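Protein chains in written order, with this note's numbering: chain A, 298 to 411; chain B, 362 to 474.
Hints may contain errors.
[Said to hold, decoys possible] Each computed PhoX-like pair below joins lysine-lysine, with the alpha-carbon atoms no more than 25 angstroms apart:
| # | chain 1 | residue 1 | chain 2 | residue 2 |
| --- | --- | --- | --- | --- |
| 1 | A | LYS398 | A | LYS367 |
| 2 | A | LYS367 | A | LYS352 |
| 3 | B | LYS375 | B | LYS432 |
| 4 | A | LYS398 | B | LYS432 |
| 5 | A | LYS370 | A | LYS398 |
| 6 | B | LYS375 | A | LYS398 |
[Stated by the list, open to error] According to the in silico footprint, chain A covers these stretches of chain B (three or more CB under 8 angstroms from chain A):
| # | segment |
| --- | --- |
| 7 | 401 to 407 |
| 8 | 462 to 474 |
Read the hints as simulated data drawn from the structure, not as lab findings. These numbers come from a predicted model, not from an experiment. All C-beta atoms, glycine included, are put in the ideal place defined by N, C-alpha and C.
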Amino acid sequence: AQTVTQSQPEMSVQEAETVTLSCTYDTSENNYYLFWYKQPPSRQMILVIRQEAYKQQNATENRFSVNFQKAAKSFSLKISDSQLGDTAMYFCAFRASGTYKSIFGTGTRLKVLA
Amino acid sequence: DTGVSQDPRHKITKRGQNVTFRCDPISEHNRLYWYRQTLGQGPEFLTYFQNEAQLEKSRLLSDRFSAERPKGSFSTLEIQRTEQGDSAMYLCASSGGPGETQYFGPGTRLLVL
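For reference, chain B alone in the conformation it holds in the complex (with noise of 0.2 angstroms):
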């Protein structure tokens, strides 16, 4: 399956600790999204990019929040410190080609004690 894919898929993390995301694209996406889901709410949108570089941020991404795509392939979205608002559910989606349908991972759900 060629879909956008994430890892981990769950992570349970104290507050204060440091964790990261993986997300992998389609293969022929060259842009990369990052998007905080909350419980009830519709996503949110973090950050994006245009093969390796960060195009926009939110003003939701804290100076805890950093977000790479070195290569242009795979991106990575680190938190530091964390506390206990982070908790959510952390979706990557890529898109490529006419149209730039975004089309999503399964999400990394992140719950800070």
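Next comes chain A alone, as it looks inside the complex (with noise of 0.2 angstroms):
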């Protein structure tokens, strides 16, 4: 069975700064997805940027970028300039390939201070 783990319950990071949140995944696949996704106070979850397992390249969406580590089977986010809108509890998530069912994380809840 697939797992997602997120070990950062909670981060800050002042306003302009740049912030890491981690992501590591188990799965005896070799096709698959990986999303991160914000889910704002109050408000729905959107996607914030994906990545397709047989892509070396790391994904990038403006100001977010991953470092996706196959054979770790890691996938941390970068939000670089973070700004206050950023403030959300973020998560990650799997998909195997071929299947529709998505595996979350428990999430980190990440605070941008002014």
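Make the complex out of the two chains shown on their own, each in a separate frame, by following the hints.
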């Protein structure tokens, strides 16, 4: 069975600084997708970034980038130039290729400080 | 806005009552998912539909839970004889097209007294 682990329950970062959120996963699959979702307080979850396991190049979306280490089964999220609006719960998720069920971690609560 | 919508947003009920939630997916999406999220946890998969067919159900989905998607558009999730342990946020998501990224609705927060 696949598992997703986020070992940092809470983190804080100063506005304009860079922060990295950690995620590890366990799977025997070779083809899969990894996701980071953001869930602001009392608001709906939105996709931040996704990574296909077959792609060696790390995904980047504006200030958000990932460090995908397939052999280590690690998928960290880097947020550059942090903004107050980045304050939210961040969830790492895994989905095996050919399936439609996503497995989520327990989340990291990120607070951006002014 | 053509995002995923859910109704109601909040529901308070007494133990033993039945409740029904509705989800309207993004119109062109043929897959629809239900997840449950308890406080301090990530979403847990409950079930998913491809068009009107329910293709996978989690063991979390007890006999008191039933989900339908009668015409392959909106879906309903019914909980019968609610228990306090059913208190949670119920999230709906939909997907379609390349990559099958799941887009989430705002959720229905259920409180069972």
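Going through the hints against the structure:
1. Using a Cα cut-off of 25 angstroms, the hinted pair A:LYS398 and A:LYS367 holds, with the two alpha carbons roughly 20 angstroms apart.
2. At most 25 angstroms may separate the alpha-carbon atoms for a hinted pair to count; A:LYS367 and A:LYS352 meet this at roughly 10 angstroms.
3. Proximity of B:LYS375 to B:LYS432 is assessed by CA-CA distance (about 31 angstroms); at most 25 angstroms being required, the pair is judged violated.
4. Our distance criterion of 25 angstroms between C-alpha atoms is met by A:LYS398 and B:LYS432, whose separation comes to about 22 angstroms.
5. Only pairs whose Cα atoms come within 25 angstroms are accepted, and A:LYS370 paired with A:LYS398 is accepted, the gap being roughly 19 angstroms.
6. Distance check on the hinted pair: B:LYS375 and A:LYS398 sit about 31 angstroms apart at the alpha-carbon level, beyond 25 angstroms; violated.
7. Counting residues of the segment 401 to 407 of chain B whose beta carbon lies closer than 8 angstroms to any beta carbon of chain A gives 6, which meets the minimum of three for the stated coverage.
8. Proximity of the segment 462 to 474 of chain B to chain A, defined as three or more residues with a beta carbon under 8 angstroms from a beta carbon of that chain, is established by the 7 residues found.
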